[in-house]
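A.B. asks: Put chains B, C and D on the given structure of chain A with help from the hints.
Protein chains: 4
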Amino acid sequence: MDTKPVLKLTLDGATKVMNAVLKEALKRKKEISVAVVDAGGHLLAFSRMEDAELTTISIAENKARCSAFTAFPTGKLSRSGNERSDFHALAITLAAGTDKMVNMQGGLPIIVNGQCVGGVAVSGAGHSDGEIAQVGAALLGV
Amino acid sequence: MDTKPVLKLTLDGATKVMNAVLKEALKRKKEISVAVVDAGGHLLAFSRMEDAELTTISIAENKARCSAFTAFPTGKLSRSGNERSDFHALAITLAAGTDKMVNMQGGLPIIVNGQCVGGVAVSGAGHSDGEIAQVGAALLGV
Amino acid sequence: MDTKPVLKLTLDGATKVMNAVLKEALKRKKEISVAVVDAGGHLLAFSRMEDAELTTISIAENKARCSAFTAFPTGKLSRSGNERSDFHALAITLAAGTDKMVNMQGGLPIIVNGQCVGGVAVSGAGHSDGEIAQVGAALLGV
Amino acid sequence: MDTKPVLKLTLDGATKVMNAVLKEALKRKKEISVAVVDAGGHLLAFSRMEDAELTTISIAENKARCSAFTAFPTGKLSRSGNERSDFHALAITLAAGTDKMVNMQGGLPIIVNGQCVGGVAVSGAGHSDGEIAQVGAALLGV
Numbered sequence: 589m590d591t592k593p594v595l596k597l598t599l600d601g602a603t604k605v606m607n608a609v610l611k612e613a614l615k616r617k618k619e620i621s622v623a624v625v626d627a628g629g630h631l632l633a634f635s636r637m638e639d640a641e642l643t644t645i646s647i648a649e650n651k652a653r654c655s656a657f658t659a660f661p662t663g664k665l666s667r668s669g670n671e672r673s674d675f676h677a678l679a680i681t682l683a684a685g686t687d688k689m690v691n692m693q694g695g696l697p698i699i700v701n702g703q704c705v706g707g708v709a710v711s712g713a714g715h716s717d718g719e720i721a722q723v724g725a726a727l728l729g730v
Numbered sequence: 589m590d591t592k593p594v595l596k597l598t599l600d601g602a603t604k605v606m607n608a609v610l611k612e613a614l615k616r617k618k619e620i621s622v623a624v625v626d627a628g629g630h631l632l633a634f635s636r637m638e639d640a641e642l643t644t645i646s647i648a649e650n651k652a653r654c655s656a657f658t659a660f661p662t663g664k665l666s667r668s669g670n671e672r673s674d675f676h677a678l679a680i681t682l683a684a685g686t687d688k689m690v691n692m693q694g695g696l697p698i699i700v701n702g703q704c705v706g707g708v709a710v711s712g713a714g715h716s717d718g719e720i721a722q723v724g725a726a727l728l729g730v
Numbered sequence: 589m590d591t592k593p594v595l596k597l598t599l600d601g602a603t604k605v606m607n608a609v610l611k612e613a614l615k616r617k618k619e620i621s622v623a624v625v626d627a628g629g630h631l632l633a634f635s636r637m638e639d640a641e642l643t644t645i646s647i648a649e650n651k652a653r654c655s656a657f658t659a660f661p662t663g664k665l666s667r668s669g670n671e672r673s674d675f676h677a678l679a680i681t682l683a684a685g686t687d688k689m690v691n692m693q694g695g696l697p698i699i700v701n702g703q704c705v706g707g708v709a710v711s712g713a714g715h716s717d718g719e720i721a722q723v724g725a726a727l728l729g730v
Numbered sequence: 589m590d591t592k593p594v595l596k597l598t599l600d601g602a603t604k605v606m607n608a609v610l611k612e613a614l615k616r617k618k619e620i621s622v623a624v625v626d627a628g629g630h631l632l633a634f635s636r637m638e639d640a641e642l643t644t645i646s647i648a649e650n651k652a653r654c655s656a657f658t659a660f661p662t663g664k665l666s667r668s669g670n671e672r673s674d675f676h677a678l679a680i681t682l683a684a685g686t687d688k689m690v691n692m693q694g695g696l697p698i699i700v701n702g703q704c705v706g707g708v709a710v711s712g713a714g715h716s717d718g719e720i721a722q723v724g725a726a727l728l729g730v
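Chains as they are written, first to last, in the working numbering: chain A, 589 to 730; chain B, 589 to 730; chain C, 589 to 730; chain D, 589 to 730.
Keep in mind the hints are simulated off the structure, nothing from the lab.
Keep in mind the model is a prediction, meaning the values are calculated, not measured.
Any given hint could be a false lead.
For chains that are exact copies, the list does not tell them apart, and a pair is met inside one copy or across any two.
[As the list claims (entries may be wrong)] Below 20 Å or equal to it, Euclidean Cα-Cα: the simulated EDC-like pairs (lysine to aspartate or glutamate) are:
#1 618 - 638
#2 604 - 619
#3 688 - 719
#4 596 - 619
For reference, chain A alone in the conformation it holds in the complex:
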């Protein structure tokens, strides 16, 4: 089998996810960046509220990419349900290239029909990043 069928995230889908995240951030009065990438980690949709820190731009994109690449929430939980140490998360980030991935909470995979079609991440709301991103990730499936 040289090729096999998979699902591809569209701009329409990515925009729907992003807008839900922006709405949730506004409700919580958080200034954030939100990034949505496809399964290959390439940017589909991005917004930064004008008063969010500029560091949030690359952090949001790199957390989204990390989730898309691993099909897993960024942060410290492992697939088996055990906690990954912060140290382990840092090691993976360094290992995979710090210009591409950030393995800190706030990124979530976008799963449709059991397939990881991309990732969404929020940066700028501190410990709430993951909860806000979840509002978007939950829209398209799981």
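C.D. replies: Chains B, C and D alone, transformed into the frame defined by chain A:
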């Protein structure tokens, strides 16, 4: 005078510009990326149609940044109205860092009340990039 | 439509392409690197003959990625059949990031059922790079 | 003595190592990337199963390079048999450049007639990475 008042492009403004560009691209049946950056060259809003070439992501962002930095359309026209050579445009791109700027047509400054508040650029529509970006840039002022 | 169905290149398909390329290079007594990437530009299969220049490693990968991203052979021909100037090809390479793309002949998209599922590229055989890569690209479709 | 004879790993040797690793991974139903590099740390052979995480690409290559550079398995054991701390392993990774080396288990040197001729590494199988890589490393000697 230690500080002075300036205008700052908001996410609302950037989104308005981006959506006008996307609508124009759809009308022309072009698959594009569109990027809107602030006066510091930092991304505010971005969309990639899922069938646009992946090269368009960085090219759109780098053209938008180039316009925001120079308050001038990307490409080969100089401020004085004379044509810049392709070579000159390339030299500027290289000088400023190819991971940040692209001086090829398709990027436009966003000018409000005579102030450059950011840039918008399109990639993916070839020679029409600039015309499509113009639909967005024209919305907020000039 | 949040997602849409596409084809994904497998390791089996990529290996088939790579082995055909290696066989052709051996026949021509060329020392080469060959890289096969998926539609997102991510490496699936790679071989370097031990006497090929070390520069061929990144050049092969970056040409393959360039073809995957553009769904087009690397080099100077445009989609419309007109020649792109070498200058234009260089500008695109610089614009998209020189650590990711090389737009010099030797890379070809892998097209299956009209979809670009990846790219294959050869480096090390000079002007024959494209001909050798073509033997692999032709295996899976077009 | 201005020069001295050494052994150089060939593509044939590297491919033999890689194929043994792929076979072992299939047997264990693990989705992995495998990389084989020469004594200079330069890629000779690489395969990624299409459902392996995209992070495995650079991690496999960087672990293989780390083993080739040190003639030692990646991870926490020092040459003297004492455990290196995780922190020590991370420090070495950082010191050597995170775009080149990863000192986490899963990489092994390829030793032939007492000479380190390269390295092989697996990423994607978690704690089994090293065991799977060992099947390949053991083929050519030691």
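A.B. asks: Evaluate each hint against the coordinates.
C.D. replies: Hints and how they fare:
1. 618 - 638: within (11 Å within a copy, 29 Å between copies)
2. 604 - 619: both (19 Å within a copy, 19 Å between copies)
3. 688 - 719: neither (22 Å within a copy, 28 Å between copies)
4. 596 - 619: between (30 Å within a copy, 15 Å between copies)
When each numbered hint is compared with the structure, a violation occurs for hint 3 only.
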